[in-house]
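There are 2 protein chains.
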Amino acid sequence: MRWQHSRHLFRLPSRSTPRCRHISTANSAPVLFDGLVKGNRHALAKAITLVESSRADHKQEAQRLLAMVLELGKRARGGKGSGLPTTFRIGLSGSPGVGKSSFIETFGLYLISQGHKVAVLAVDPSSSRTGGSILGDKTRMPDLSRHDMAYIRPSPSSCTLGGVARNTNEAILLCEAGGYDIILVETVGVGQSETMVSEMTDFFTLLVAPGGGDELQGMKKGIVELSDLILVNKSDGDLEPASRVAVMEYLSALKFVTRNWEGWRPEVLPVSSHRGKNIPETWETMKRFYDASESAGELYKRRGSQRTHWMWRQINDELMWRLKTDKPVRQMINTLEPQVYEGLLTSGQAADKVLHEFIDRQRSGLVK
Amino acid sequence: MRWQHSRHLFRLPSRSTPRCRHISTANSAPVLFDGLVKGNRHALAKAITLVESSRADHKQEAQRLLAMVLELGKRARGGKGSGLPTTFRIGLSGSPGVGKSSFIETFGLYLISQGHKVAVLAVDPSSSRTGGSILGDKTRMPDLSRHDMAYIRPSPSSCTLGGVARNTNEAILLCEAGGYDIILVETVGVGQSETMVSEMTDFFTLLVAPGGGDELQGMKKGIVELSDLILVNKSDGDLEPASRVAVMEYLSALKFVTRNWEGWRPEVLPVSSHRGKNIPETWETMKRFYDASESAGELYKRRGSQRTHWMWRQINDELMWRLKTDKPVRQMINTLEPQVYEGLLTSGQAADKVLHEFIDRQRSGLVK
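As you go down the protein sequences, you meet chains A and B in turn.
Okay, so the first sequence: first residue is 280 according to my numbering, each after it adds one.
Okay, so the second sequence: first residue is 280 according to my numbering, each after it adds one.
Please note: incorrect hints may appear among the correct ones.
To spell it out: a stretch of chain B is covered by chain A in this simulated footprint if at least three of its residues, at any positions, have a beta carbon under 8 Å from a beta carbon of chain A; those stretches are [what the hints assert, rightly or not]: (1) 309 to 317; (2) 582 to 592; (3) 615 to 623.
Derived list of chain B stretches under chain A, where covered just means 3 residues or more per stretch with a C-beta under 8 Å from a C-beta of chain A [as the list claims (entries may be wrong)]: (4) 340 to 350; (5) 634 to 643.
Hints in this document: simulated from the structure, not taken from any laboratory.
Quick reminder that beta carbons are idealized off the backbone N, C-alpha and C, glycines included.
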C-alpha cells in the first residue's frame with residue numbers, strides 16, 4: 280500500500296490519447312434537457328456524452344445543461360437545497376469472474392419488478408490501458424439492457440481516472456434527472472477505482488466468489504474496508520458449502536475494519552444470481568441502510584461531503600494536469616526527477632524550481 | 280477511512296499561525312556547514328532551524344547549505360549519485376502511553392553502545408493544534424539527550440503537516456551530514472503522520488502496549504499495514520502474559536496485510552524498555568532487514584522513490600497552498616463550497632470557477 284497513493288495522485292496523463300470521446304453533432308442544452316426529463320434514453324445518452332467531452336464548446340453546453348438539471352432538482356424540493364435525496368446510489372465492485380454482470384442483470388430486473396427505474400454506470404480503471412471497455416457492456420446484461428426501465432452506460436474509454444470520476448459524478452445527476460431512482464455504479468477490483476466509487480455513492484457493495492483466497496485479496500486492497508455489504512456470489516450447487524465458509528471468513532475479517540458510519544454494521548450475504556437466491560434480501564438490506572442513514576441525516580451529510588470532496592479534488596487534479604502538460608515545465612521535470620531519485624537534489628529544491636517555472640509561465644500567459 | 284484522505288489532502292492552513300519558527304540571528308551557510316561536518320551539535324540545531332524557516336532569505340541560505348550537504352555526499356561516494364545508503368532511517372510510532380520515550384532512551388543508548396551515533400527527529404501531528412510539542416522533548420529521554428553521541432530535535436511547532444514533512448526530510452539529510460548514522464523519526468498514533476514517516480524512512484516500527492484492544496486500534500488506522508516490525512512494549516512483570524497474547528494477536532492480524540516488500544515478512548517482538556528485554560534482538564531484526572534490503576537493491580530504490588514522491592507532493596502542496604491562501608480565491612471558495620455541499624452547484628462547476636479565478640490572478644501577477 281505504501282506507494283499506491285502517490286502513484287495514483289501523480290500519475291502522468293498520456294498525451295497520445297484524447298481525454299474524452301467526442302460528439303459527432305452539436306447538441307443544444309435545452310433540447311437535451313427536454314428529452315432528458317421526458318425519460319428519453321437517447322437524450323440521456325447524448326447528455327452524458329456531452330458532459331464527457333473536453334471540447335470547449337461542449338463544456339459550455341454541458342454547464343448549461345447541468346445548471347438546468349440542478350434547477351429542476353431545486354424546484355422539485357420547493358426551492359431549497361438538495362434536502363433529502365430521493366434516489367439511491369449504489370456502488371458495486373468485484374474482481375473479474377465473480378459474476379458481476381449476471382448479478383446486475385438479476386438484481387436490476389428485480390429492482391424493476393419492485394417499481395424502480397435502474398441506471399448502470401461504470402468506472403473502468405482499465406479503459407485507459409486497454410483502450411477498450413470491459414464494464415457496462417450491454418451484451419453482458421441482455422435482458423436488463425433491453426428493458427424500458429433500465430439504462431446501461433458503457434464506461435468512457437481513453438480517459439484518465441480523474442476525468443472518469445468527474446464525468447461519472449455528472450452522469451449520476453443526469454440519470455437522476457431522467458427519472459432513474461436507483462443508480463448502480465460498477466467497477467472492478469483495483470483499489471483506486473473502488474475508493475472513487477465509494478466516494479460518489481451512498482452504499483458500497485462488494486461481490487466476491489466463494490473460496491479461492493478472495494477474502495485475503497479483498498483485505499489487501501482495502502476494499503473490504505469500504506464495503507457496507509459483501510455478497511458471496513455463486514452460492515448454489517457444489518459451491519454452496521464453500522460460500523458458507525466464505526461468509527464466515529468475511530464476517531471475521533470485518534471485525535478488523537473501522538465502520539464508515541457508526542449507524543451501520545457491514546453485512547455479509549450468500550447470493551446466487553442464477554437461482555435468484557437472496558436477491559430480495561439483498562435489496563431489503565440496502566433499503567434498511569437507506570432508511571437508517573436517511574432518517575439519521577447521514578445520507579444528506581455524506582452526499583454533501585462527497586460533493587465538496589470532489590470540488591477540491593477536481594481543483595487539485597486540474598491544476599496538476601495543467602502543470603504536467605505544459606511542455607517546458609514537463610521537460611524541466613524530466614530533467615530534475617532523475618536527479619532527485621539519485622539524491623543529487625533534494626525534493627524541496629526540485630519542487631521550488633518546477634513551481635517557479637510554472638508560475639512564471641502562467642504570468643507570461645504562456646500556459647493555456 | 281472514507282474521508283481521511285480528503286480531509287488531510289485539502290486541509291486548509293490556519294492563517295493565524297506562522298508557517299515555521301523564526302531564527303533570531305542570520306546564519307551563513309558555509310559557517311553552518313563547517314560546524315555541521317565537524318559534528319558540532321549546535322551547528323546542526325541551527326542548520327535544522329534554518330531549513331525550517333519560511334523567510335525568503337533563510338530559504339535561500341538553506342538551499343545553499345543543502346547544496347553543500349548534497350555535494351559532500353556525492354564526493355563521499357566518488358562523484359556518483361547517492362549509491363548505497365550508509366545510514367539507517369528508522370520510523371517509530373506508538374500511541375501516547377505505550378512508552379515511546381522510555382523505549383527510545385533504552386534503544387538509543389544501546390545503539391550508542393554498539394558504536395552508532397543516533398539522531399532523534401519527530402513528526403508531531405498535534406503541534407499545530409496544541410501549539411506545544413509533545414514529541415522530541417529532551418526531558419523525556421534524560422540520559423540519551425545528554426549523551427555526546429545523540430542529538431534529539433524537538434518537533435517544529437505551529438507548522439502544517441506538509442511543512443513538517445518537508446523540514447523533516449531535509450533535517451534527516453543534515454543529521455546524516457553531521458555523522459549520525461542512525462536516524463530515528465518518531466511520531467504518534469494518528470494515521471496521517473505514520474504514513475508520512477513511513478514515506479521518509481527505511482524501516483517502520485510500531486510500538487504497542489500489551490492488551491487493551493490496541494491490536495484493533497492499529498488495524499483500524501492502517502498503521503499495522505505500514506509496519507516492518509511491531510514491538511509489544513512493557514513485556515515485564517504482571518503484563519508479561521498479556522504481552523504474549525498481544526504478540527499472537529498481531530501475528531494473526533499481519534496475515535491480513537500486504538507486505539511492503541516481498542523480501543521482508545513483518546515481525547512481532549515482546550520488549551521491555553525497563554528491563555532491556557529483547558533490545559539487542561530488536562536491533563538484530565532491524566539489521567537483518569537493512570542487510571537484506573540493501574543487498575537486494577530495495578533500500579536504494581525505496582529512497583529514490585521516496586525522494587521523487589516528496590518532490591511531487593511538495594509541488595502539489597505548494598500549488599494548493601498558493602491557491603488556498605490567495606484572498607479573493609479563498610473568498611470565492613467560501614461562497615461556492617456551501618452551494619456545492621447543498622447540491623446547488625456541481626463540484627465540476629465550482630472547480631472550474633475557482634481555477635479560472637486563480638489562473639486569472641496569476642496572469643495579472645496578483646498572486647504572490
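Item checked: Check of the segment 615 to 623 of chain B against chain A for coverage (Cβ-Cβ below 8 Å, three residues minimum) -> holds (count 7)
Checklist line | Annotated coverage of the segment 582 to 592 of chain B by chain A, confirmed only when three residues or more have a Cβ within 8 Å | finding: holds (count 10)
Checklist line | Per-stretch coverage check for the segment 340 to 350 of chain B, three Cβ contacts closer than 8 Å to chain A | finding: Three-residue rule met by the segment 340 to 350 of chain B, so holds; n is 4.
Check: How does the coverage statement for the segment 309 to 317 of chain B fare against chain A, requiring three or more residues with Cβ below 8 Å from a Cβ of that chain?
Finding: violated (count 0)
Notebook entry, point to check: Do at least three Cβ atoms from the segment 634 to 643 of chain B come closer than 8 Å to Cβ atoms of chain A?
Noted result: holds (count 5)
In summary, the structure is inconsistent with hint 1 from the numbered list given earlier, while agreeing with all the others.
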